[in-house]
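*Asks:* For reference, the chains in residue letters:
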Amino acid sequence: MVKKKLTPQVLIIGAGVTGTGIARDLALRGISSLVIEKGNINDGASGRNHGLLHSGARYVGSDLDSASECAQEARILKRIAPHCIEETKGLYVAVKGDDESYVADFPGLCKKAGVFCQALCVKEALALEPGLSKDTIAVFRVDDASVDPFHLSLENMNQAIEHGAVYYSNCQAMGFSLEKKVIRKVSVQNCLTGECFKITPRVIINATGAWAGMVAQLAGIGLDMIYSKGSLLVTHNRLTTHVINRLRPAADGDILVPGRTVSIFGTTSVRLDNLESIRPEFDEIDFLIDQGAQMVPGLETARYIRAYAGVRPLVRSQNETRGDDRTVSRGFYLFDHAKDGVDNFVTITGGKVTTYRLMAEKTADLAAEKLKISTPCTTADTPLMSKAPSKLIEAGMSVKLWAKETNPGDYMMWECEMVPKSHFKELILWLKQNRERADLNSLRIHSRLGKGACQGTFCSLRVTGFMYDEAYINGGQGLDNIKYLLTERFKGQKPVLWDSQLAQAELNEAMFCSFFGLDMVDPDRKG
Amino acid sequence: MENKTHLKTDLVIIGAGMAGLAGAVFAANRGINTILVGGAGAFEYASGLLDLWGLTHPDNGYCKDPWQDLAQIQASRHFHPFSKICPSTIETAFGELTDVLGQNGLAYAGLPRENSQIITAFGTAKPTFRYPVTMAHNVTAFRDKNPTLLLDFNGLREFRARFVQQVLSSTWQNIRIAAIDFPQMSGRSELVTPLMAQAMETEQVQDKFAAAVRPQLKGEQFIGVPAILGINTADKIRKRLEGLLGVNLFEIPTSPISVPGIRLKESFKKALEDTCVTRLPDQRVLLASQNPGKDFVLETHTHSGIRAARIQAGTCLLATGRFLSKGLISDRKGITEPLFNLRVDQPTDREHWHAASYFDPKGHAVNLAGITTDERFRPLGRKNLPAHEKLYAAGSILAGQDWMRTRSGAGLSIATAFSAIEQIALGRT
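Line by line, the protein sequences are chains Z and D.
In terms of the working numbering, the first sequence opens at residue 1 and continues consecutively.
In terms of the working numbering, the second sequence opens at residue 1001 and continues consecutively.
No wet-lab data here; the hints were simulated from the structure.
Just to be clear, a hint being listed does not mean it is correct.
As the list claims (entries may be wrong) - A few chain Z positions that, by computed beta-carbon distances, are all more than 10 Å from chain D:
1. K5
2. A81
3. K134
4. M174
5. R316
6. T464
7. K483
8. L502
9. L507
Unchecked claim - Think about it this way: if two alpha-carbon atoms lie no more than 25 Å apart in a straight line, the pair counts; the simulated DSS-like pairs of lysine-lysine are:
10. D:K1145 x Z:K491
11. D:K1218 x D:K1145
12. Z:K491 x D:K1218
13. Z:K181 x Z:K387
14. Z:K96 x Z:K78
15. D:K1269 x D:K1294
In this text, all values refer to a predicted model and were calculated from it rather than measured experimentally.
Every residue gets a Cβ at the ideal spot worked out from N, C-alpha and C, and that includes glycine.
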């Protein structure tokens, strides 16, 4: 950690898509910011959702404002960040037994909200998507797309850093020093080293998603949070070309989103009392598959590579504590805590990936106002494209470039995602220059390492060998890195280990435990 | 459509992994007419090491004397398959099998009563009972911490010498590393160990290899290389290279695709040539049935799905392995045995298959699931009676063992296949 006086104009707590989006927004206005994150980028709901860029159609039945807002923001993101988005289009599909009056109302509601929607005949739809149920009775085409929230957040943060922002991962806000209705200092602890330090910002933004209540509590402010857990499944292969939505009022197990080589399917809505254990339950997974198979029968027999859960933060009795007219939508919550007696503190929570830019804009507007700066927001017109290596995060991109660059000493680091050594080297160098660490886990965050079918079996081994070769790591670090990666990945694999994926797990265990003996490697061993 | 082959035999062995092939060798030695059905793809994932029992309990670390543990398992009447076998029988089985492999180009070494520690491509020390003699100096160099040169090959991803050196650096300091181009492959950007091993079979490549290595030596008496010293005559190649270089040369086992695993498969293949065992390596049994008092009838298919043979056999040894080889199959509801629909002992539901943590020292419950047998290795049915009078099971499909965590894979297969074949031989006379 750099020992210097930490006096950013704005401190942003939380590096999800909103927090990083705010950092970018402020940076483009010339306002300095420091982002602290207790884990890593997108550890919360930003990294644990469908990766769906909503056309808005999902909300036409319940919330026309949200629907229009989604449609508008999706158009902006497609314009400024096309490399993070795959324009898959979406289908809304009703099957036998679904509410036919909802089907009948759907096109009219879309029109009202300004959401594009086109009726398809069932035969046409089945030709487009052969994986749809034979019991399909109605299909509409919409402008849904698939977005990579990791890529969005990385680009947000990287672009912000290029404009002077600073990012500290693994740093948690521990306390606020309040003086005359103003937070003067924020105490922060580095969760890896235990080191404590203080930050003296002028404005503090709480962008911690589901954790917003806990951070607000540091200032003595109560936010009555409701935690709604949603579980999702990742398939081994991509099942459809379009986003497939169940044409019914929003419910469980009704969205299937293709993302690169996989599909993501979900979700559920389960109330949690706390955030200690956010994981998919086995019965949720069985329920999801049973529901989804009604719409896409292939979900019943699909091979799943992992499952995960995220928490939607909701705030109770919002009408009383709700922010002012800046909050144009009911989709997210922006609180100016001046109302609670803390002048330089703001909380933003809720919302969805699709509208993150707007949320960031509204939050940055409020922060700028507190700083008495009137520079307007430019995020809707500035391309969201940093100079950081992003070849490794765009599946298929890496191999396309590799085929063009013919270098005889170059080879594929891992097959399932087809990533060559040279691109890896570039990423590691960048991480070393711009980040604190370049280990397997930070590589995982900044690339697709361990995200393919073998879930890290072969790639972790080769990448580790490469990192030793280049002297990026020494001693027993490589084994600790592999152990950590396998331990982390296993959490998501455990609920989907049956059939082929159980066989894959058996091979992994035979290799990593029986052969290499990693179960006997002491992670605290001095390297 | 009925032009497929009809075959009749005394014994059919289903599965050609370690248990099936060891069973076939034991059957051949006893003159039992046998058909062995199944490919041996999994050998490419096998280390080539013959483990017996390497880890008593994670808290106790590696097990030095496996026989002490095996005697305890037998005395405890534990659920483990080893509880049904006398340790001296296991010793006999190992001896018989390693003799046969030795006669067929794959000599094994090891201490009479103890495990040895082999350095892997991760720089970890793996306890094992019998190892290919090409790895003999791996054991001694590590034991004595001799000054050693580890060789890297440019473009080989499965083995990086600095990885091994760094992991070992706290206990074994005098390891030096050097990188060379593999002879006649310097233009390639990617090397794989089986192709290198294949190339090593020619003296021309061996000479070039020695010439490339010689200038790298700085007085070391030991050289370690990934396991690439040939496929069929590895020990001969090692000795020739040792002669050329004047040093001790040893192999380090690598991750798949594993050359020592391929050698094992080749040695088995040779051992079974011109014996009373017929191999059907390109077929897979899809259907098995038996009417009480009658022979087993098996339908086999080729890998492309064409019906190949109908086999009639008086006795059957099921050695189909676990999930990877589809000896056991699983879905969201449970684990089943697909050929005979045998009883599979397993946790009550999927939620209990795995521990919360991947490296939980207790292992995962799903790995203890499998087929429970009687004392003679006959699978038990629902009423705890043998499911079929003449059906036997051996190897990793058996319940009550976790071969991965106890480092007992080969030993389990060899010992249970031996016991089953002994029973079958007894029943024949």
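*Asks:* All the hints need checking, so say for each whether the structure fits it.
*Replies:* Quick rundown of the hints versus the structure:
No beta-carbon of chain D is positioned within 10 Å of the beta-carbon of K5 of chain Z; the least distance is around 38 Å. With a least CB separation of 34 Å from chain D, A81 of chain Z remains clear of the 10 Å interface cut-off, as annotated. With a least beta-carbon separation of about 23 Å from chain D, K134 of chain Z lies farther than 10 Å from that chain, consistent with its non-interface assignment. No beta-carbon of chain D comes within 10 Å of the beta-carbon of M174 of chain Z; the shortest separation is about 28 Å.
With a minimum CB-CB distance of about 32 Å to chain D, R316 of chain Z clears the 10 Å threshold, and the non-interface call stands. Against the 10 Å criterion, T464 of chain Z falls within the reach of chain D, whose nearest CB is about 7 Å from its own CB. At roughly 7 Å, the least C-beta separation between K483 of chain Z and chain D is not larger than 10 Å, which violates its mark as non-interface. Distance check on L502 of chain Z: its Cβ comes as close as 5 Å (rounded) to a Cβ of chain D, failing to clear the 10 Å threshold; non-interface status is violated.
Not every Cβ of chain D is farther than 10 Å from the Cβ of L507 of chain Z; the closest lies at roughly 5 Å, contradicting the non-interface assignment. With a C-alpha separation of about 39 Å, the suggested pair K1145 of chain D and K491 of chain Z falls outside the 25 Å cut-off, and the hint is violated. For the hint linking K1218 of chain D to K1145 of chain D, the alpha-carbon distance of about 16 Å falls within 25 Å, and the restraint holds. With a C-alpha separation of about 47 Å, the suggested pairing of K491 of chain Z with K1218 of chain D is violated against the 25 Å cut-off.
Between the alpha carbons of K181 of chain Z and K387 of chain Z the distance comes to roughly 40 Å, so the proposed pair goes past 25 Å and is violated. Between K96 of chain Z and K78 of chain Z the alpha-carbon distance is near 34 Å, which puts this suggested pair outside the 25 Å criterion. The hinted pair formed by K1269 of chain D and K1294 of chain D fails the criterion: a straight-line CA distance of about 31 Å is larger than 25 Å.
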